[in-house]
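Chains as they are written, first to last, in this note's numbering: chain A, 26 to 352; chain B, 12 to 339; chain C, 4 to 535; chain D, 16 to 329.
Rather than coming from a laboratory, the hints here were simulated on the basis of the structure.
Each hint should be verified, as a subset may be incorrect.
Said to hold, decoys possible - Calculated pairs, DSBU-like style, for lysine-lysine (alpha carbon to alpha carbon, straight line, at most 35 Å): (1) B:Lys-252 - A:Lys-109; (2) B:Lys-252 - A:Lys-152; (3) D:Lys-234 - D:Lys-217.
None of these values were measured; they are calculated from a predicted model.
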Amino acid sequence: MSQPLLSVRNLVVEFPTRRGILRALDHVSFDIAEGEVLGMVGESGAGKSLTGAAIIGLLEPPGRVASGEIWLRGERIDTLPPEKMRRIRGRRIGMVFQDPLTSLNPLYTVAEQLIETIRTHIDVSEKEARKRAVALLDRVGIPAAARRIDDYPHHFSGGMRQRVVIALALAAEPELVIADEPTTALDVSVQAQIIDVLKEICAERGASVMLITHDMGVIAETADRVAVLYAGRLAEIGPVRDVIQRAEHPYTAGLMGSIPTLTQTADRLTQIPGSMPRLNAIPQGCAFNPRCPQVFERCRIARPDLIAREGGRHVACWLYDKEASDV
Amino acid sequence: MIAFILRRLVQSVIVMLAVALVSFALFRFVGDPIASMVGQEVTLAERAEIREALGLNDPFIVQFWNFIARAATGDFGISYRLQQPVMELILSRLPATLELALVSGILAFAFGVGFGVYTALRRGSWVSGTIMTVSLIGVSLPTFLIGVLLIWVFAVELQWLPSFGRGETVYIGNWWRTGLLTESGRASLILPAITLGLYQMTLIMRLVRAEMLEVLRTDYIKFARARGLSNRAVHFGHALKNTLVPVITITGLQMGSIIAFSIITETVFQWPGVGALFIRSVQFVDVPVMAAYLMLIALVFVVINLIVDLLYYAVDPRLRVDRANAKS
Amino acid sequence: MRVKSILRSSRTGLLAGVAATALVASGIAATAETIRWARVGDALTMDPHSQNEGPTHTLNHHIYETLVGRADDGSLTPRLATEWGISDDDETVWVFTIREGVKFHDGSEMTVEDVVFSLDRARTPPSGMAALHAAVEEVTAVDDTTVHVRMAGPAPLYVQNLTNTFIMSKAWAEANGVETSPNFAAGEEAYSVRNTNGTGPYMLVERDPEVRTVLQVFADHWDDAPAVSEIIYTPISEAATRVAALLSGEVDIVQDVPVQDIARLEQTQGIRVVRGPENRNIFFSYDMVSESLASSNAEGNPFASPEVREAMSLAIDRNAIQQVVMRGESQPSAAPLPPFVNGWTEEMHAFGDPDLARAGELMAEGGYPNGFSVQLDCPNDRYLNDEAICQALVGMLARININVDLNAQTRSLHFPLIENWETDFYMLGWGVPTFDSQYVFDFLVHSREGSYGAFNGARYSNPELDAKIESLATMTDLEARDAVIAEIWDQVMEDRIFLNVHNQVLAYAMRDGINLDVHPENQPRMTTVTFD
Amino acid sequence: MTEFTPDESRPNALARAWDSDIAYSFRRSPLAIIAAVVSLIIILAAVFAPWIAPHDPFNPATLNLMDGFTPPMEPNAFTGNVYWLGTDNQGRDVFSTILFGARISLFVGFMAVLFAMVLGITLGLIAGYRGGWVDSLLMRVADVQLTFPSILLALLIFGVARGFIPPAYREAMAIWVLIVAIGLAEWVQYARVVRGATMVEKNKEYVQAARVIGAHPAKILLRHILPNVMGPVLVIATIGLALAIIAEATLSFLGVGVPPTQPSLGTLIRIGQGFLFSGEWWILLFPSITLLALALSVNLLGDWLRDALNPRLR
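Next comes chain A alone, as it looks inside the complex:
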């Protein structure tokens, strides 16, 4: 396998609080290959967004990367000085946020924001930047882009604004786009369009995508592979078809049981009783053990690491650890 575009190894993110250190991401490891779309799913608070923020280097203090490594095309980026990291943001890793209504600065026109972003990273003239900006807007599906580029964000509808956000994220032609729940805040009718635009434009440019969502439908439609997070730990990761159809981790199974329709979200996990533990009350052993229908003694004692399975799948569950199953 060629070198992955992004490689996250044993990522640990912690929040020091007065009641002790909370571990929000606990030894998370995964790769994203060139041109690949990786879906990242999990309940609220599982650490999906945090993973994105950690990769792009925008963890909110006091949150911090406590250990682990992040590699972008063979270059380690989690230890880069702030100024170098800044040059990577936007230029090599783009990011799309959840709410297009609040992602755009209301006091600047779309043109100003686009041109500023382009010129921050690419040495082009104002005029050239504007030309690119118009083309970009046109590409993300803004009608009459040349005219509307000088409008302010509030002139656009929610869906249109998210297209603008995508244009901004892609303005400097990044290799990786992290899309953090890009459709959650949007009207159902435009969600699919936005995902399509995002997918198409990235495919066109060969950019990889890390698609954070709790919408299994979107994952099923869009992603090549999917990673499932639970309480800051990776439960399972593998090709999207395999994971959806033959979930191995009991948590994933419960999650998948809940996607008969496109609109159903993972937030309502009625199939699995109980709720995800708070970060300061993660049980010993497997974090999922109190809710797991297949729990056994070992799950309560030791934490399972990711276990490699066939087809490039990995799962963190003692059920699949043959050697030690008798402990």
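Following the hints, complete the assembly by docking chains B, C and D onto the known chain A.
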């Protein structure tokens, strides 16, 4: 837009009438102008005569009506005390107050925004903590004491700056007398401007800091960072501009209180402005001057409010559209 | 023409007559010396007649001149009149000989017509000086140098009223529409409020009320040129700022020096302080007449009781007030008139040590063994340390169980209380510009009626005294008149209408090398300034 | 969700952890601790002034004028008495006068804040609940009020009070007039906060329900809204206390204030500044330091409280 301004003007007139009524009514109780107008030898009969001649025996509503009717034409009568037309008196003092207010307003705004931004960006650093704490001294001592202490240190002990007055002044045009064009005029301005601006600076600084912290947490700032914009662009291009929208409103309104607080500063520094004129007029119960001053203050507020609205309009594109939409 | 009756009184040595020597400016001839002069307040107007007020007169004395002047010892000196006296033929006529060769600032010659015009203007309402000329019937020019002023009756002291009545140019007044003094109700500014045309030693070059007034020496003045050639007059209302301005060298002379700063300024290198008594006494008085007091819990009116009034006079410690409150800068006195004034005696002045025991007995005798409460009204911006004196009195009276609430406020609120009889107990300071007791009696002792008793806040009314007071105005036999004055004072002191504290002492502070004496009416003349 | 915060996963945790969170934040802030200790000392000293102070400066019968201007820790030239912080121009012990003066200042401050708070909360509740023209009118008045500087307002109220109050009662009334004047200038902020909260709450079901069972909804609102706005109101009140104390001092400079026989800290400073050049520095210095310490501490506490009560800034 025009409709908006018209509506605003009508409101302003109502506000000014209300202020006029209230102030005129209240000042009828401040004291007896005759006592300070005439010497001790004047007999009771003569006092009564003057009272009658001044119309002080008319029913209140008649006095008020006369006042309004004349005020509408810019005629506030003559000062009981200085025997000059009130309008002329106020106009001749106004430049001094406006220059003082403007300079201290600019000082307060510049330092307030600067410190506010700094303390917001460097939250938790000891420099920020020091600035925050020290700036509180400005609002923890009465203005008059700060003024007196500044005089003591910089005028008496160090003899660097003048202790009173405006220094040398020159005329711009017919009536605007400025101290800004002469060296002694500028030197004279420093201590009063600091005294007057300190309080506002602290307020603005705190406001900017709070707003800035608020703005720094918004999605569009995060998104701007995620696009790799430089800190400078994020902080000063995006965050500061959004911070300034509410700050402009409050600062604009503060301009009004700067003018009012100048009463104290002008008294301490013998600054020949309308504030000192007002407080002397209160002591002498110079009703026409007091009433005119309050009308002036009301007018200043009305004008400032209008300017703030227009500024808002210029800074925040959202308002522009809302109104454009509302019209169409 | 013959002039008779030289006025003389025991203490003040009032001097009238022929002395034509100029008392002004024995200093060095004019070099370009500028004096920057600061005091607490500004002149209210430059009009010579509209206001009878100290600071206004003080400034106007530099621009305008009066017929007679007053020397620092209180005696009269010739100014625009070289001689004056009561006519031999008619004791109701005053005769003035007018100085010749006097020029107004606009270059025109001063004539007797101008004098007649000015006196008429001064005595015609709404002039603030009218009260001083109420007894004048007619002013006429007899010849080119003589003016007759005919009075309603004999008026032996009339000339004393002239020391603040200025002479102005008739032609100038007519040309500028200021034939009468400005009227408040006129609704527009009179030309004479900010423009002048006098005969005085200085000309007005710049007038910015309450900010800056600049005077320059008048080259064609009839008298010797003063040492000071330019005066920059700046009112500074805040005491601390005023002192700071002197300490920092921004002004040369400060006229109203806070008493607490005198000692310090004297010790400061490069600054000297001169001091002298002012013709003004500070006293308390009370409602002696009303049935009961509005602000008191007492049965009846305690101030009506002579024992209570005596007890109060025994409780007050004038020396303590002088030493602490006034920092030594006052003349403690029991006499309710300044020593400059005709009628003052050593006996009235004298007072004993406070005697609280006796005072307590007197309170009991007066019917108030447990004391009473009352409000004291006091100005806080009129006299030297007025509020602090009142505070000190509160403490002293508390020891004889008189529980005093102090109401200290600005003068414009304070004085109407006295004029309208709305105070039970109050502080008042009284200056006597005529240097004669009659002035005190007219305003403070005579029953309130007509032009009498305007400041008789005690409500004191004694018909016998009233008659005596009225008789003073027309008595020409000065010895007999002095006897009547003494009689009146005896009664006033016996009735304890006034609880006198002290006479004010003035202090002027100035840069070293400047010499200026204290003026008893607090009207310093820059013409008297000399330089070392 | 776009970010992680520890609180989010535990609903209602904030309410439960309220006390301890504040306490924790307090323990972590040395400045807040110092400020609290200083304010507490001054407040306690003021409250217990009659028992602590060696003299009663408000009882004129006990004053000896000859004690005046005694420097700190030095015997008086006439009486030989020694005072810790010296005496003022009336022979009052500066230390005792500061204690009693702080009492007056704090009384004026607390009462003015209370007055502003009650007025602001009431009007805010009315405006928020009634809405419509009542709301517009009240908010317009608030606008005018905001633009009308507190000093001018206080001067005006003093003027009118002098006209209405008979002379005999003026001295007793001065302090209340001050309270009303300062309070009137500060009510708008409370009204705004409460009005906003009321508008949010009034459409909630429990209010409708209260109406059905015949209870007055305003009463219910008050009970539910007050806890919600406690935080901001407390912050406004703390800063307001400092403002009121300074405002009182400023007004005393302009000649409208408490009687000089019962001086507040501000009046003491006004008196003391007259002795700045004459060498009696202690008359100005000690009251100024006390006022500075008090106002600064209260302001710092307000600052800290604002940050501590705003969970997003934590």
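Violations among the numbered hints, reported as their numbers in ascending order: none
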